[in-house]
Amino acid sequence: MGQIVLTKVRKAFGEVEVIPGIDLQINDGEFVVFVGPSGCGKSTLLRLIAGLEDISSGKIEIDGKDATDAPPGKRGLAMVFQSYALYPHMSVRKNIAFPLKMAGMSEAEQNARIENAARVLNLSNYLDRRPGQLSGGQRQRVAIGRAIVREPAAFLFDEPLSNLDAALRVVMRQEISELHQKLKTTMIYVTHDQVEAMTMADKIVVLHAGRVEQVGSPLELYNAPANLFVAGFIGSPKMNFITGPEAAKYQAHTIGVRPEHVEVSKDGDGWEGKILLAEHLGSDTFLKVACPVVGEMTVRGNGEMGLHHNDTIRLKPRADRIYRFDDKGLALK
Amino acid sequence: MATRQTQSLARLMRAPAIILLLVWMLVPLAMTLYYSFLNYNLLSPGQTSWAGFFNYQYFYTDPAFFESIKNTIILVLGVLTITVVGGIAIAMLIDKPIFGQGIVRILVISPFFVMPPVAALIWKNMIMHPSYGVFADIAKFFGANPVDWFAQYPLFSIIVIVAWQWLPFATLILLTALQSLDGEQMEAAEMDGAPAYSRFIYLTLPHMARAITVVILIQTIFLLGVYAEILVTTNGGPGFASTNLTFLIYRAARLNFDIGGAAAGGIIAVVLANFVAFFLMRAVGKNLD
Amino acid sequence: MARAVSKNAKIGYTIAAWTVALVIFFPILYTIITSLKTEQEAIEGFNLIPSFTFESYQTVQSQNDYFKPFMNSVILSVGSTILALIVAIPAAWAMAFSPTKRTKDILMWMLSTKMMPAVAVLVPIYLIFLRTGLMDTRIGLTVLLMLINLPIVVWMLYTYFREIPGEILEAARMDGAGLREEIVHILAPMAVPGIASTLLLNVILAWNESFWTIQLTTTNAAPLSAFIASFSSPQGLFWAKLSAASTLAIGPILILGWFSQKQLVRGLTFGAVK
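Protein chains in written order, with the working numbering: chain A, 1 to 333; chain B, 1 to 289; chain C, 1 to 274.
Check the hints yourself; a few may be wrong.
Stated by the list, open to error - Think about it this way: if two alpha-carbon atoms lie no more than 25 Å apart in a straight line, the pair counts; the simulated SDA-like pairs of lysine to any residue are:
id	chain 1	residue 1	chain 2	residue 2
1	C	K262	B	F99
2	A	K74	C	Q261
3	B	K96	C	A9
4	C	K104	A	I22
5	C	K114	B	M13
6	C	K114	B	F99
7	C	K104	B	N274
8	A	K74	C	F97
9	C	K262	B	L205
10	C	K104	B	L12
11	A	K101	C	E182
12	A	K101	C	V184
13	B	K96	C	Q261
14	C	K114	B	Y34
15	C	K104	B	F99
16	C	K262	C	I86
17	A	K74	A	P37
18	C	K262	A	K101
19	C	K114	B	F222
20	A	K94	C	A188
21	C	K104	B	Y34
22	C	K114	B	L33
23	C	K262	B	I216
24	C	K114	B	I73
25	C	K7	B	A188
26	B	K140	C	I43
27	C	K104	B	L181
28	C	K114	B	V23
29	C	K10	B	D95
30	C	K114	B	A277
31	B	K70	B	L231
32	C	K114	B	L77
33	B	K140	C	F46
34	C	K101	B	I18
35	C	K7	B	R11
36	C	K104	B	V23
FYI, nobody ran anything at the bench for these hints, they're computed from the structure.
All chains should be built: construct the whole structure from the sequences, respecting the hints.
Listed below in structure tokens is the structure:
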């Protein structure tokens, strides 16, 4: 089991209110990602759930039991830290065994679980090494191994991939997703990278300045962002926002158009503009276009687009893909 | 994590060190201050009386006092000049690619681990002795008259010994600073056409400024207290030619048994040291967090 | 700064560096050489090849009972350092792991006690020792050396403890470790190297201390620093014997010192240069 319910959870450091009050339900077996820019309170929220910080007011329930005042070790949660936080003076085996030893588990049972975790994570050959002798990816796996042997109610990940290089990050991302499918245990994952959020999550919680901006599946957030912040944060490259008379044509204060939802033509309908920059990636072409009517637009087209710097083109947003927002930044239905 | 319980435990853990240092700092200093206002000589213990500022006045009018202050300043400045300039030069040399760098480092650092009385004895007898020292041997080899260093240049001789002891410290710290110098920055300056001396003045020196400050301030604290080197070699003489403030106070207390006078001298030394310490604390304090 | 240099340049730098290093090391080297000469050889003029006799060492031991001050040095330096560690470890620990707003001020204040010139408290300390019978006792001097080095010990330990990452302690807490397990299994093993370095540097500093040892001892408790200082009087002037005594006094600490180069920078600059 691994259901976590937060009720009116508030956290203040002295005068500074980091989290003004959050209600959130995380269901058993879900992969939930907290995403937001740095300083949005996502790591603090995770640490409140872990018990590493005391909450200022509110209630945390884990599997129906009040865990608000329980010490971190008694919550049945396991955490993977950004720096991995491996014990440098212990072998990989002892690192993984540490939580089991703390729980007073028998030697035989400990070994069985360690062997099993090592097999799952491809660590069998490294059990007698020290963390200092391992590569970044291997350290990451040890940290995960230390978490899974406990068979916790839920896993907490605090930006676990940010210390890895780009290629390894993609591999580890997939490994964690596969692990989730295998274990079917609740996972809460904190990241500032919306690509990680989109690719891994069952449910994304977008946080901004300590508040939950929107909760939903990746595609819900992509297709129906609740406000300007979510619209701008989810999706890459960023959504284009247009205000003024062009937005008024759609009875909105602001309209949003995703770069992939624009039709590009040499001489068709739409806003006229001049190409400032054309990035040819092979699979895609990204264009930065200066349009006198709507300002600067980012556009994503197919890879074989024969367009270059200084070409004049026309941009036409797909009518069914225009997002409308009111003057407070909230989405209009 | 910062619960009330761990807070009070932490207080309990800090307490012994703080109390010990508090006692160590306040009690003797208060006693020194008290004694400095007494006529108190260990040779005539029955005749102790209140002296007011007489001890300070006596110290202030004693020509030996000014000579000792002058000697203290010359000693500190002389050693600082030799160690900082020499330290920079040696640090830059050792930082270059050389064979046997580890051994060179060990040889250069060694004098720092030689206790002051031994350092003084080695220099006094093995190196600077007018008949049997190495300098005398060299002088004889060139047919010159050997110099009686401690009789003719007592303060200079002591500066040489103390500088020899502290040169390794300066070198080691400046070398540490030098090794953290960004190599790409140097290469960028080279690409920009800066010649070697400009790179030294505009990049190396500013980079080492902090380390140089630390070397100067820490050494000053220790150099104000130079004692054993003087005791073993010149005993402060001839006359007061190589007596520094520390040695003068030692003389008053231990050779003249003048408790009141020595205490007044001690208070003057505290004032001087605080003057230096003020700057040291500011430099070190900046590095905290 | 690892840049390829021409072989000739490297040889040039090597010759220059070795020359400087040997000049600096020469007084020590010559003392060691002289200690292996006979008294006659020692005053015959410059000579780098001794007859490799150990008679001076035997004389130092038989005439001056060298072993006694040596043991005093060991007891004073190790004893005062261990005493300082006993007081300093809890203090540094508390300041590193549950800092308060005043922690920084307390640390700076501790450092400031180190600025007090020894000579300023010579009078009261001398009188206290004289009147309480602590004069020329090992226990009195051990406590005094402990107090002198306590600020450096606290500072060094503090900087080492601060390097233990907080996330590791949090990981242990997540893994179910209580305060006791946290200390026994995680903190203590990680703190051992820092404590060892601190011990090493402070033994060296205490071994070489030569103001208080000379002021407060005569024969019984006199460590090597006070013992050697007594050689300045005329009857001690036998060159080979003097060299043997000097070599013995600095030998052990010189070797310890070579192992502590890195900690030296850190310890003596209070972490201001790393």
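Status of each hint after checking the structure:
| no. | hint | result |
| --- | --- | --- |
| 1 | C:K262 <-> B:F99 | holds, 21 Å |
| 2 | A:K74 <-> C:Q261 | violated, 45 Å |
| 3 | B:K96 <-> C:A9 | holds, 10 Å |
| 4 | C:K104 <-> A:I22 | violated, 36 Å |
| 5 | C:K114 <-> B:M13 | holds, 21 Å |
| 6 | C:K114 <-> B:F99 | violated, 39 Å |
| 7 | C:K104 <-> B:N274 | holds, 19 Å |
| 8 | A:K74 <-> C:F97 | holds, 22 Å |
| 9 | C:K262 <-> B:L205 | holds, 22 Å |
| 10 | C:K104 <-> B:L12 | holds, 17 Å |
| 11 | A:K101 <-> C:E182 | holds, 12 Å |
| 12 | A:K101 <-> C:V184 | holds, 13 Å |
| 13 | B:K96 <-> C:Q261 | holds, 19 Å |
| 14 | C:K114 <-> B:Y34 | holds, 22 Å |
| 15 | C:K104 <-> B:F99 | violated, 43 Å |
| 16 | C:K262 <-> C:I86 | holds, 23 Å |
| 17 | A:K74 <-> A:P37 | violated, 31 Å |
| 18 | C:K262 <-> A:K101 | violated, 37 Å |
| 19 | C:K114 <-> B:F222 | holds, 10 Å |
| 20 | A:K94 <-> C:A188 | holds, 16 Å |
| 21 | C:K104 <-> B:Y34 | violated, 31 Å |
| 22 | C:K114 <-> B:L33 | holds, 19 Å |
| 23 | C:K262 <-> B:I216 | holds, 19 Å |
| 24 | C:K114 <-> B:I73 | holds, 20 Å |
| 25 | C:K7 <-> B:A188 | holds, 24 Å |
| 26 | B:K140 <-> C:I43 | holds, 14 Å |
| 27 | C:K104 <-> B:L181 | violated, 28 Å |
| 28 | C:K114 <-> B:V23 | holds, 14 Å |
| 29 | C:K10 <-> B:D95 | holds, 12 Å |
| 30 | C:K114 <-> B:A277 | holds, 9 Å |
| 31 | B:K70 <-> B:L231 | holds, 18 Å |
| 32 | C:K114 <-> B:L77 | holds, 21 Å |
| 33 | B:K140 <-> C:F46 | holds, 10 Å |
| 34 | C:K101 <-> B:I18 | holds, 16 Å |
| 35 | C:K7 <-> B:R11 | violated, 60 Å |
| 36 | C:K104 <-> B:V23 | holds, 20 Å |
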